[in-house]
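Asks: Sequence:
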Amino acid sequence: MRKTKVTDISALKGMKLTKLILDGLDIKDISAVRGMQLKEFYVNASRISDISVLKGMPLKKLEIVGPKVKDISIVKGMPLEELLIGDSSITDISPLIGSKLKIITVPDNVKNIKILKGITTLVEINFDLEDFWDWYEQEEQERKDEIKRKRLLLIEMEKAITSEAILKKIIIPKMGFEEASLNTVCQFLFRRSKTLDMEKGVGCKFIVEDGLEKSVSIDVDNLPLYDFVYYIALIADVHLQISKKGVIFSKKSDKKKPFIFKVDAKAVATINKKLDGIIMKKVTFKNTALSDVLAWVKEKSRVLDFVDGTGINILLLVPKAAKTKISLDLKKVTLKAVLGKICEEAGLSYQIHNSAIGLEKMKTKK
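In the working numbering, the protein residues as written are 953 to 1318.
For the record, the hints were derived by calculation from the structure and aren't laboratory data. Glycine is no exception: its CB is placed at the ideal position from the N, C-alpha and C atoms. Certain hints may be false.
Straight line, CA to CA, 25 angstroms or less: simulated DMTMM-like cross-link-like pairs of lysine to aspartate or glutamate [claimed, not checked]:
{"no.": "1", "residue 1": "Lys1063", "residue 2": "Glu1098"}
{"no.": "2", "residue 1": "Lys1166", "residue 2": "Glu1094"}
{"no.": "3", "residue 1": "Lys1252", "residue 2": "Glu1130"}
{"no.": "4", "residue 1": "Lys1196", "residue 2": "Asp1206"}
{"no.": "5", "residue 1": "Lys1121", "residue 2": "Asp1173"}
{"no.": "6", "residue 1": "Lys1275", "residue 2": "Asp1244"}
{"no.": "7", "residue 1": "Lys991", "residue 2": "Asp1002"}
{"no.": "8", "residue 1": "Lys1100", "residue 2": "Glu1165"}
{"no.": "9", "residue 1": "Lys1252", "residue 2": "Asp1281"}
Restraint-style ranges between C-beta atoms, simulated for each label pair [said to hold, decoys possible]:
{"no.": "10", "residue 1": "Lys1013", "residue 2": "Trp1085", "range": "19 to 25 angstroms"}
{"no.": "11", "residue 1": "Asp975", "residue 2": "Val1062", "range": "19 to 25 angstroms"}
{"no.": "12", "residue 1": "Lys1315", "residue 2": "Lys1207", "range": "20 to 26 angstroms"}
{"no.": "13", "residue 1": "Arg1254", "residue 2": "Val1220", "range": "36 to 42 angstroms"}
{"no.": "14", "residue 1": "Gly1050", "residue 2": "Gln989", "range": "39 to 45 angstroms"}
{"no.": "15", "residue 1": "Ile1231", "residue 2": "Ile1159", "range": "43 to 49 angstroms"}
{"no.": "16", "residue 1": "Glu1165", "residue 2": "Thr959", "range": "30 to 36 angstroms"}
{"no.": "17", "residue 1": "Asp978", "residue 2": "Lys1315", "range": "41 to 47 angstroms"}
{"no.": "18", "residue 1": "Ile973", "residue 2": "Ser1004", "range": "32 to 38 angstroms"}
Construct the complete structure from the given sequences, taking the supplied hints into account.
Replies: Okay, here's the thing in structure tokens:
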């Protein structure tokens, strides 16, 4: 049976079958096959979790695809020659020890893959046997190198000195991340802070709470590290703490004291001066992605900036809005008016910080 609307296979009970294919069925129970002398069995069902009814069968070919299936202890002692383990929760294949398998396909989540080296009858693991082991050894070496690299990084980080004052002194030049993990971003920033730390040369320590899986998409240009970590926390929607222990990112909680971004009134005044002073002769966009519009405005602000020639850093703190389509047709307007129109089109608001303007979600009135 392949991809039918069958949800119950109890009608198969008692049949003398030697081969059975249950592919793409919406079934949860396969107890109807109990007692059969199957030699080939193929099951692909997202709701199945228990395959213990197969125990003792003279199976030579077995294919299991089921995200909820965790245990294959039933294969122990079977005369299996071919085994395909597809999408599943199986991590332990030790029941295969002593088998006479010739062909096996295993998913990446299997932990004890090395036991397959003891099965001398194997001619194929996922693909050519020799190629598989070459690939596996390379992957294993890369994993070991990564563990070693992380240990060395932790040792280096212990020497780091962190404070708000140091973070404000370290200026991050042009840099961008796209869907990068928070851990990756922090490791990169530690190395960069170490390079840019002109006083001590030890950089700042970064800590990501265990189990915190967040991604970050951001592009910056000459931004103080203090501002940078604040924006990262906003984008990743995590709690930020800066102390002697380091820059700490953790899960948000009502019990945690919110981070207060220290505003530099002089810096904000400079940005406001630019917003009012930069006049754009013509701003025309038709169904253009917000990210492209902001890149253009940012570059244009640099060209038209007669205050210090640096323009204005404009950061999108809502990455999901990057592809929002913007249509504008403006003439002889201030940069402030342009940003206002962009935010209106995108359903966002902007906030002036020390070294940049951040486009954020529109705050709802309570």
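Asks: The structure should be examined with respect to each hint, and the outcome stated for every one.
Replies: We went through each hint and held it up to the structure:
no.	hint	verdict
1	Lys1063 with Glu1098	holds (17 angstroms)
2	Lys1166 with Glu1094	holds (23 angstroms)
3	Lys1252 with Glu1130	holds (23 angstroms)
4	Lys1196 with Asp1206	holds (23 angstroms)
5	Lys1121 with Asp1173	holds (15 angstroms)
6	Lys1275 with Asp1244	holds (9 angstroms)
7	Lys991 with Asp1002	holds (19 angstroms)
8	Lys1100 with Glu1165	holds (22 angstroms)
9	Lys1252 with Asp1281	holds (16 angstroms)
10	Lys1013 with Trp1085: 19 to 25 angstroms	holds (23 angstroms)
11	Asp975 with Val1062: 19 to 25 angstroms	holds (22 angstroms)
12	Lys1315 with Lys1207: 20 to 26 angstroms	holds (23 angstroms)
13	Arg1254 with Val1220: 36 to 42 angstroms	violated (19 angstroms)
14	Gly1050 with Gln989: 39 to 45 angstroms	violated (22 angstroms)
15	Ile1231 with Ile1159: 43 to 49 angstroms	holds (45 angstroms)
16	Glu1165 with Thr959: 30 to 36 angstroms	holds (35 angstroms)
17	Asp978 with Lys1315: 41 to 47 angstroms	holds (45 angstroms)
18	Ile973 with Ser1004: 32 to 38 angstroms	violated (20 angstroms)
Comparing the model with each earlier hint shows violations of hints 13, 14 and 18; every other hint is respected.
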